[in-house]
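Chemist: These are the residues of each chain, in order.
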Amino acid sequence: MKHRRVITLVLAAVLTITALAGCTKGGTEELIPDGKTDTQGTDNNGGEKTKIVFLRVGTEEDRKAYWQKTIAAFEDANPDITVEYQESPPGNDFETKLNTGFASGTAPDVINFTMASMGTRIPLGQYHPLDEFTKDWATKDDYLENVLQMGSRDGTLYGVGIYTDPRILLWNKELFEAAGLDPEKPPTNWDELKEMHQKLTIKNDKGTVSQAGFAVPLSGTGLQHLLSVFIEQNGVKNLVDEDNNKILLDSPEAIEAAQYLFDLSEIGTIPWDSTNIDQDPFMTGQSAITITTVSNYKTLMESDMKDKIGVAEPITNKQQATFCGAHFMFMSGITKNKEATWKFIDYVTNAENTWQRYLDLGFTPVHKSLKEKFIAENAATGKAIYGSIDAGTGSPKVPYANSVYNVTNEAMEKILYKVASPEEALKEAAVKLQKEIDNQ
Amino acid sequence: MFPKNKVKTKYDNCAYLMIMPAFSIFALFVLVPIAIVIYYSFTDFNLYSAPNFVKFNNYIQIFSDQDFLVSIKNTAIYSVCTLFPQLAIGLSIAVLLYRKSRLVPLLRTAFYLPNVMSMMCVSMIWLWIYDPTTGILNRILEFFGFAPQLWLRDPKLALPCVIVLSIWKSCGYSMVIYLSGLTGIPSSLYEAAELDGANAWKQFTAITWPMLRSTTFFLLVTGIVNSFAVFEQVNVMTNGGPLNSTTTIVHQIYRRAFLDFRMGYGSAMSVILLLFSIVITLAIFRYGNRGQDTDVS
Numbered sequence: 012m013k014h015r016r017v018i019t020l021v022l023a024a025v026l027t028i029t030a031l032a033g034c035t036k037g038g039t040e041e042l043i044p045d046g047k048t049d050t051q052g053t054d055n056n057g058g059e060k061t062k063i064v065f066l067r068v069g070t071e072e073d074r075k076a077y078w079q080k081t082i083a084a085f086e087d088a089n090p091d092i093t094v095e096y097q098e099s100p101p102g103n104d105f106e107t108k109l110n111t112g113f114a115s116g117t118a119p120d121v122i123n124f125t126m127a128s129m130g131t132r133i134p135l136g137q138y139h140p141l142d143e144f145t146k147d148w149a150t151k152d153d154y155l156e157n158v159l160q161m162g163s164r165d166g167t168l169y170g171v172g173i174y175t176d177p178r179i180l181l182w183n184k185e186l187f188e189a190a191g192l193d194p195e196k197p198p199t200n201w202d203e204l205k206e207m208h209q210k211l212t213i214k215n216d217k218g219t220v221s222q223a224g225f226a227v228p229l230s231g232t233g234l235q236h237l238l239s240v241f242i243e244q245n246g247v248k249n250l251v252d253e254d255n256n257k258i259l260l261d262s263p264e265a266i267e268a269a270q271y272l273f274d275l276s277e278i279g280t281i282p283w284d285s286t287n288i289d290q291d292p293f294m295t296g297q298s299a300i301t302i303t304t305v306s307n308y309k310t311l312m313e314s315d316m317k318d319k320i321g322v323a324e325p326i327t328n329k330q331q332a333t334f335c336g337a338h339f340m341f342m343s344g345i346t347k348n349k350e351a352t353w354k355f356i357d358y359v360t361n362a363e364n365t366w367q368r369y370l371d372l373g374f375t376p377v378h379k380s381l382k383e384k385f386i387a388e389n390a391a392t393g394k395a396i397y398g399s400i401d402a403g404t405g406s407p408k409v410p411y412a413n414s415v416y417n418v419t420n421e422a423m424e425k426i427l428y429k430v431a432s433p434e435e436a437l438k439e440a441a442v443k444l445q446k447e448i449d450n451q
Numbered sequence: 022m023f024p025k026n027k028v029k030t031k032y033d034n035c036a037y038l039m040i041m042p043a044f045s046i047f048a049l050f051v052l053v054p055i056a057i058v059i060y061y062s063f064t065d066f067n068l069y070s071a072p073n074f075v076k077f078n079n080y081i082q083i084f085s086d087q088d089f090l091v092s093i094k095n096t097a098i099y100s101v102c103t104l105f106p107q108l109a110i111g112l113s114i115a116v117l118l119y120r121k122s123r124l125v126p127l128l129r130t131a132f133y134l135p136n137v138m139s140m141m142c143v144s145m146i147w148l149w150i151y152d153p154t155t156g157i158l159n160r161i162l163e164f165f166g167f168a169p170q171l172w173l174r175d176p177k178l179a180l181p182c183v184i185v186l187s188i189w190k191s192c193g194y195s196m197v198i199y200l201s202g203l204t205g206i207p208s209s210l211y212e213a214a215e216l217d218g219a220n221a222w223k224q225f226t227a228i229t230w231p232m233l234r235s236t237t238f239f240l241l242v243t244g245i246v247n248s249f250a251v252f253e254q255v256n257v258m259t260n261g262g263p264l265n266s267t268t269t270i271v272h273q274i275y276r277r278a279f280l281d282f283r284m285g286y287g288s289a290m291s292v293i294l295l296l297f298s299i300v301i302t303l304a305i306f307r308y309g310n311r312g313q314d315t316d317v318s
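Order-wise, the sequence lines are chains A and B.
Count along the first sequence from 1, add 11, and you get the number used in the numbering used here.
Count along the second sequence from 1, add 21, and you get the number used in the numbering used here.
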């Protein structure tokens with residue numbers, strides 16, 4: 012009988028241990044292997060290679076091929092370092108992947124992500140300041156000022172830009188011609204945009220819009236970008252003033268800009284969701300003017316519409332302005348391989364690789380030394396793209412950036428769905444944002 | 022029931038030991054996380070820094086958070102409008118397919134198929150169906166001369182669109198459970214009813230429905246818990262919009278905890294959700310679990 016009790020006890024213990032075996036830390040050991048914790052490359056690894064993990068935002072096949080090629084070249088040039096390539100779709104998926112990585116101590120060493128992430132992630136120590144590496148870094152002087160500024164916060168550089176993401180003005184020359192407009196003259200200010208929008212908008216007898224001049228989206232996460240473009244053209248610094256921590260989206264100029272967008276929408280629009288670029292009526296030839304990304308322009312250049320599209324510099328009301336985001340290489344705040352990580356960042360951001368990135372992916376170079384070369388190769392568009400980069404302002408780098416986007420998108424939806432007037436919606440949004448800031 | 026004066030035997034210890042592995046897993050992966058979430062709900066935890074105790078601040082904020090209040094309303098509407106049609110359709114299909122025919126296995130498989138598909142994939146498919154420009158639904162409307170709709174972009178239609186998808190996906194599951202319930206009803210009852218002159222409807226209301234009470238109870242409880250946790254389809258199809266018309270409690274928890282880095286606040290929302298689930302489940306157990314002792318032997 013005693014034996015039976017012992018056997019039962021042993022069996023229960025074995026079952027418990029087996030069941031709990033999956034709870035060990037084994038799952039995270041692959042990303043940051045033990046023994047590779049030096050900060051001096053491979054010097055302290057006893058001859059082993061240093062492995063760093065590179066996480067890129069986006070899953071496009073052509074970009075993946077480019078990065079894999081670049082990583083292979085980097086590994087050839089640095090045989091003591093291996094780079095593990097990872098990628099994840101943009102938006103919430105990427106944010107969640109990074110959050111879980113940092114929370115579990117398995118965050119990648121190098122992160123390719125947007126400027127919008129800086130406001131929330133720098134205060135949390137997730138991005139390492141790069142000043143110690145860039146003090147004597149020759150490439151820094153070759154960088155476009157605006158790109159360096161975008162990658163900095165409070166005078167400290169955190170992200171090295173690999174490409175910018177300005178919102179450029181595109182117009183469909185064929186639709187301009189059909190509406191009796193000069194196909195070579197895009198709008199340059201708010202008045203012209205409104206006038207052209209009216210002429211280009213076509214409605215059927217039931218009032219349904221079959222073609223819009225400038226199709227204002229009805230919803231989606233891109234509304235805050237659109238509003239920021241127009242409020243900046245109307246003289247406002249940004250949705251919030253990050254230097255003085257002041258909310259600007261309820262300023263009279265911002266309300267006027269929102270009213271302007273609402274008026275355009277009232278003249279006529281094809282309702283679409285700005286989160287889903289496939290729905291953009293401009294991309295399907297149902298709209299004649301848009302403010303969109305260089306990447307979308309590239310897509311159009313590979314389509315049947317390539318000969319119909321023109322690129323223009325940002326329009327003006329009180330000043331010329333547009334939204335200009337950027338993609339950066341960030342060093343993880345918890346990486347244990349800082350030297351190897353910096354070597355990789357330095358490699359992919361040098362002028363040679365930046366030009367290669369343009370050749371492979373069409374990204375506008377962010378180096379001064381490459382600007383003229385790019386404009387020479389892209390006579391029709393180069394100047395407009397650099398003009399948009401120079402005039403562009405990015406996302407506010409504040410810890411509550413996500414709240415700014417959510418609140419602004421919600422306010423714009425209220426305006427465009429006619430739930431509230433621009434003044435009511437933006438004032439209410441400012442109050443809500445202030446409350447969110449106070450609660451954080 | 023166990024007698025009150027039951028003497029503890031040596032087999033009790035053995036039983037406790039044998040359930041220990043399962044209980045350890047349950048404690049580690051369910052009870053401990055719940056305890057941690059309750060603890061975080063009283064802190065300002067942001068995922069990365071040490072949490073500070075903030076007393077009831079998170080709970081106080083929640084009840085003035087308009088987005089959260091809207092999400093409670095949406096979740097309630099979603100739960101009611103999904104659950105009952107899903108049960109009704111599942112039961113109807115089960116009754117119709119509870120017969121011998123060569124087509125029956127094929128039809129049962131077809132109705133059950135959506136349930137085994139990933140919600141992510143299904144949501145993508147329905148996104149295309151609902152697409153205002155290229156979606157098949159608007160094409161059909163236009164073909165019959167109706168005006169196209171914005172579907173997921175219309176604040177009034179977005180939640181019903183999500184509900185329709187959820188009903189479509191889940192009614193196959195209800196059908197399978199009801200079919201298993203139908204097999205437990207003795208055919209002698211129907212034979213006796215026929216002899217008494219009961220028609221098909223009378224047989225359904227007097228025999229089938231009462232005999233499926235425990236099956237319905239099971240589906241109701243699991244369905245409510247699942248409906249309260251609705252997230253994937255909302256996140257993929259609408260991201261809670263437009264105008265927060267489809268945001269749900271779990272969507273708000275995800276937004277606050279993982280996008281705004283307010284894990285403490287998100288934890289407080291999770292505790293509220295847990296309380297809702299417990300209260301409603303207890304209420305169903307209290308008032309909905311009667312008449313389960315029908316003896317048909």
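If you are wondering where the hints come from, they were derived from the structure by calculation, not from laboratory data.
Careful: at least some of the hints might be erroneous.
[Said to hold, decoys possible] Straight-line alpha carbon distances no greater than 27 Å define the calculated DSSO-like cross-link-like pairs of lysine-lysine that follow:
#1 B:K76 / A:K446
#2 A:K217 / B:K76
#3 A:K62 / A:K347
#4 A:K214 / B:K76
#5 A:K75 / A:K446
#6 A:K443 / B:K121
#7 A:K196 / A:K75
#8 A:K384 / A:K394
#9 B:K177 / A:K443
It should be emphasised that the depicted structure is a prediction, and the values quoted were computed from it without experimental measurement.
Chemist: Hint by hint, which ones does this structure get wrong, listed from lowest number up?
Modeler: 2, 4, 5, 6, 7
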